[in-house]
Every structure is written in C-alpha cells, then in structure tokens.
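Protein chains in written order, with our numbering: chain F, 430 to 705; chain X, 430 to 705.
Incorrect hints may have been included.
Identical chains blur together in the list; that is why a pair holds if it fits in one copy or across any two.
Claimed, not checked - With a straight-line cut-off of 20 Å between C-alpha atoms, the simulated DMTMM-like cross-links for lysine to aspartate or glutamate are:
no.	residue 1	residue 2
1	625	635
2	687	495
3	592	684
4	629	449
5	629	574
6	629	535
7	687	675
8	625	474
9	496	609
10	505	626
11	629	662
12	505	574
13	592	509
None of these hints come from the bench; they were simulated from the model.
Number of protein chains: 2
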Amino acid sequence: MRAWVPSHITGFFAARQQDDPSLSGSIGCGLCLALGATTSVEGAEDTEIFLNGVASVAPVTRYVVEKLAKEPVRVKTELEMPFGSGFGASGAGALGCAYALNAHFDLGLTANQAAAVAHVAEVANRTGLGDVIAQNEGGLVVRLEPGAPGTGRIDRIPVSPLKVDYVVRGPISTRDVLTDPALMKAINQSGLAALKELLKRPTLVDFMRLSRCFTIQSGLASQWAIDALEAVECAGGMASMIMLGDAIFAFGGHDSLKSFGEVQTTFISQRGANLD
Amino acid sequence: MRAWVPSHITGFFAARQQDDPSLSGSIGCGLCLALGATTSVEGAEDTEIFLNGVASVAPVTRYVVEKLAKEPVRVKTELEMPFGSGFGASGAGALGCAYALNAHFDLGLTANQAAAVAHVAEVANRTGLGDVIAQNEGGLVVRLEPGAPGTGRIDRIPVSPLKVDYVVRGPISTRDVLTDPALMKAINQSGLAALKELLKRPTLVDFMRLSRCFTIQSGLASQWAIDALEAVECAGGMASMIMLGDAIFAFGGHDSLKSFGEVQTTFISQRGANLD
Chain F
430 MRAWVPSHIT GFFAARQQDD PSLSGSIGCG LCLALGATTS VEGAEDTEIF LNGVASVAPV
490 TRYVVEKLAK EPVRVKTELE MPFGSGFGAS GAGALGCAYA LNAHFDLGLT ANQAAAVAHV
550 AEVANRTGLG DVIAQNEGGL VVRLEPGAPG TGRIDRIPVS PLKVDYVVRG PISTRDVLTD
610 PALMKAINQS GLAALKELLK RPTLVDFMRL SRCFTIQSGL ASQWAIDALE AVECAGGMAS
670 MIMLGDAIFA FGGHDSLKSF GEVQTTFISQ RGANLD
Chain X
430 MRAWVPSHIT GFFAARQQDD PSLSGSIGCG LCLALGATTS VEGAEDTEIF LNGVASVAPV
490 TRYVVEKLAK EPVRVKTELE MPFGSGFGAS GAGALGCAYA LNAHFDLGLT ANQAAAVAHV
550 AEVANRTGLG DVIAQNEGGL VVRLEPGAPG TGRIDRIPVS PLKVDYVVRG PISTRDVLTD
610 PALMKAINQS GLAALKELLK RPTLVDFMRL SRCFTIQSGL ASQWAIDALE AVECAGGMAS
670 MIMLGDAIFA FGGHDSLKSF GEVQTTFISQ RGANLD
C-alpha cells in the first residue's frame with residue numbers, strides 16, 4: 430500500500446496554538462508542489478522507518494505509526510523535496526504514512542480522519558502547523574481557520590499547474606521559530622494582516638505580493654533571500670521566501686536566480702494527498 | 430483562460446432541498462472520473478455558448494455567465510463524458526465556466542466562491558444537487574451535509590487512481606426524478622440509510638456495496654441495470670448504477686459487461702476542478 434503527498438510551501442502564516450493539537454494550527458496561504466513524498470507500508474518483525482532508504486528516527490511519522498498501526502510495520506518514505514527547508518517534508522511523510530496505514534490495516538478512516546492524525550503529530554512535535562491540511566487538499570490553499578483537516582477551514586485560489594522555480598540555501602528550524610515569542614509576535618501580526626488583505630482579492634498575484642510583504646515584515650528573511658527576490662522582480666518575475674526555510678520560490682525571472690544557488694524547477698500540484 | 434472539471438458519478442444520495450439554493454443540495458457519495466470537461470472563455474460581440482462545437486442554450490452555464498460575466502463572452506465547453514447519463518456534465522460545464530470567467534475577468538473569487546455560483550445554477554435548473562461540490566474536490570467524495578461548496582460539508586475516502594469501466598444505455602432526466610414525490614421518498618430513505626452505514630466504515634468496497642443496495646432500494650434501476658451489475662458480480666467484480674443515468678460503472682468483471690453495451694474505460698480522478 431502506497432500513498433503520495435505533494436510538497437507544501439507557505440507564503441505567509443500566523444500561528445494559532447491551543448492546548449488541543451487538533452484545534453491548533455495556522456492561518457495563512459501556501460502552494461502545493463508536484464515534488465512529492467511517496468510512502469509505503471508493509472508488515473515487519475519490528476517497526477522500522479526508512480527515509481530515502483536510510484533508517485530514521487522520524488518522530489512525526491513514528492507518532493502516526495504509534496496511533497494507527499495494529500502490528501509492527503516497515504514504513505518507507507521517498508522524498509522528492511528538500512528536508513528542513515519549508516517544503517513540508519515531515520508533514521508529507523506523516524500524512525502519507527497515515528493514508529498507507531489506513532489502507533494496509535483497512536482501518537476505514539476517511540481522508541480527513543487519517544490526515545488529522547498526521548496534523549496532530551506535526552503540532553505535537555512542533556515541526557509544522559499548516560502543511561498537512563494544505564497537502565491533503567492540493568493547489569493554492571488558503572487556511573482560513575486553524576485546526577486539523579475536517580476541523581480547520583480552508584479554501585483554494587484557482588490556479589493553473591504553473592512552473593515554479595526555487596533555490597534553497599539552507600534550513601530554518603520550525604521549532605526554533607515557533608518557540609521564539611518576539612519573532613512569533615511579528616509573524617502573527619503580519620500573517621494576520623496578509624490574510625485579511627488576501628481575502629479582499631484572492632488571486633495568485635496577490636498571494637505573491639502579500640507573501641513578499643510578510644517576508645520583510647516578519648523579520649524572517651536573510652539578506653540573501655531579500656537580494657534574491659529583488660533580483661527576480663527586476664527581471665519581471667514574482668518571488669517570495671519559503672516559510673520556513675532559507676529558500677526562495679519564484680514565477681518567472683529564472684535566470685536572475687542563478688547567482689543565488691542551484692535553480693530547481695517544479696510545478697504547482699493541483700492534486701492533494703491520496704493513495705498512489 | 431481555460432478550466433478543467435472531472436466527471437462525477439453518484440453511487441447513492443438523498444436530496445436536501447430548501448428555499449435557498451446555496452443551502453440546498455444532497456448528501457451521499459460519488460466518484461470523480463478522469464473524463465473531463467474543458468471550458469474556455471473569450472471576449473465576444475454577443476454571449477454565445479458552444480457545447481462540443483455546437484451553439485447551445487445550455488441554461489446552467491448561461492446562469493453562471495449571467496451572474497459573473499462583466500461583458501459578452503464566447504464560452505466553449507468540450508465534454509469527454511456522456512451528457513444526461515449521470516456523469517455531471519451540466520455541473521462540469523457550469524463549474525468550468527465559473528472558473529474560466531473568474532480568471533478571464535480577474536474577479537478574485539476563491540475556488541469555493543466560484544463553485545458556489547455553479548452549484549446554485551444547477552439547483553435552480555434542477556439538473557443536479559451534489560455534482561458541483563464533489564467535482565470541485567476530486568476523488569471519492571462523501572457529501573456529509575448539503576449545500577454549495579464552502580457551505581456544504583464533505584470528506585473524501587482515500588482511493589488510488591483505479592480503472593473504472595462503464596456502460597451507458599441511455600439518459601434519465603434528473604428533473605423528472607427530483608419532481609416525483611413518491612420516488613424521491615424512496616430515494617431519500619435509502620440514501621440516508623446508505624450514508625449512515627458508509628460512515629461506520631468508509632472504504633471504496635463499502636461505497637460499492639451500499640451503492641448497490643441503494644440501486645435496488647431506491648427503485649431507480651432498470652432490469653437492464655440489475656442484470657448488468659449481477660453479471661459483473663458473478664465475474665468477481667463490483668458494480669453499481671450511475672445516479673442518475675441508465676448506466677453502470679464497475680471495478681473488475683470487464684468482459685462480463687460486453688453483452689450489455691459498449692464498455693468504456695476511464696480512471697478515478699484524484700484532482701478536482703481547477704484552471705487548466
């Protein structure tokens with residue numbers, strides 16, 4: 430049994446944490462990408478988790494296994510996206526594992542019920558707040574109210590399966606950001622303002638514009654990131670920072686990114702998580 | 430500007446009609462198929478709607494144009510699915526038109542907001558109750574509470590992009606069924622029972638089993654349809670009737686369907702409506 434989950438890059442967000450992790454999450458907006466995580470599950474003597482072929486602690490996926498697996502399983506996740514740079518890799522692994530375990534053990538969970546387990550695993554491990562609900566849907570997802578899939582409220586902005594360029598310079602620790610009160614205050618203020626503004630006119634262009642404002646206002650951007658997005662804009666493209674990674678995504682202006690690192694290209698995924 | 434919308438075949442349903450069409454709809458469960466409708470919009474002297482290259486009255490799509498278009502437009506829909514046999518063709522045309530107009534006139538509607546206009550167009554024309562909200566999502570969609578996209582409540586049953594066979598014998602008028610009180614009473618009773626039963630164990634196999642029960646209990650099946658689905662089951666497959674068409678869909682048992690008409694094959698669409 431195999432499941433597939435898209436990447437998810439957040440453009441802007443505001444954290445909404447509560448005691449109950451299924452009510453916690455974030456509001457904001459982000460984009461699902463065709464770079465996917467494929468997770469398979471099979472019976473085993475002891476539970477083992479492999480990430481790109483290497484045995485891994487994988488605490489978020491392990492949390493899902495502990496909640497859903499009836500017997501020991503071997504979980505294998507193959508990631509097409511970078512890890513730790515804001516592509517929602519931990520959420521993708523956990524969400525794919527939840528779908529695959531649901532199928533393997535014939536648990537009879539709906540998509541939202543399976544995904545809610547992965548959402549709680551992310552929130553409990555402080556590795557993410559809004560990736561799972563967006564990855565479960567696909568496309569350009571607006572997170573209107575926080576919470577697990579089926580509890581939180583989302584909508585989409587219609588969008589073609591456009592080409593997206595990205596450059597990754599390095600990781601940013603989601604946990605470090607989420608536990609920094611001063612930083613989180615700036616993030617939550619500018620994230621809420623960006624969401625309110627987006628809802629007046631929810632289009633891809635406005636998503637990019639407001640993500641760029643958030644990048645500056647939140648104080649999360651490195652000088653490298655600011656230089657890169659300005660270079661794209663001077664070349665007539667739109668760019669913003671990937672939340673949370675020291676990384677840039679862009680529509681257009683491909684060549685202008687070359688001096689900032691290796692430019693990779695993918696597409697918007699209109700498809701959300703599902704069995705493979 | 431072009432938009433793509435999958436087919437949607439309902440396995441079972443119960444109508445939930447109210448005065449407000451955005452609160453009206455149906456509960457039940459159905460499957461999105463890769464047979465799609467592609468709709469393009471361009472400026473024109475006078476508003477014209479073409480269906481598979483032929484000028485058409487297309488009242489459902491016209492309703493959407495009247496609500497959303499700021500100027501006269503030429504709307505062209507190419508349908509891969511049969512018309513009038515339960516594949517949600519009218520919903521697909523209306524939904525694709527709403528997405529395409531939103532992009533063409535840069536209206537800034539979210540996916541749910543654009544889709545809600547198509548839902549209301551279907552309900553007002555009595556051509557459908559639950560196709561649009563499912564087509565907007567993709568996959569195997571459970572309609573938990575009726576209403577327009579963003580108002581009604583849905584979930585998905587995880588499912589691979591499996592091959593689906595189908596045979597169409599002829600159309601059934603949705604309007605005729607929806608306006609027959611005795612028939613609707615039987616439909617609503619068996620549809621609600623099927624949904625309650627499905628939610629105890631939401632899997633593809635149970636969806637097929639409960640759709641088959643509904644096919645018999647609702648009184649909608651022709652003898653042809655009953656014979657066809659029994660033939661598939663004797664060959665080890667699963668089949669049910671497409672609501673509302675004199676048509677059968679099946680997983681497995683392909684050869685056993687051959688004596689019932691031309692067997693066509695498509696796939697489950699995990700992707701919902703979006704820009705092309």
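Subject >> Structure versus earlier hints, numbers of those that do not hold, lowest first >> reply: Violated: hints 2, 4, 8, 9, 10, 11 and 12.
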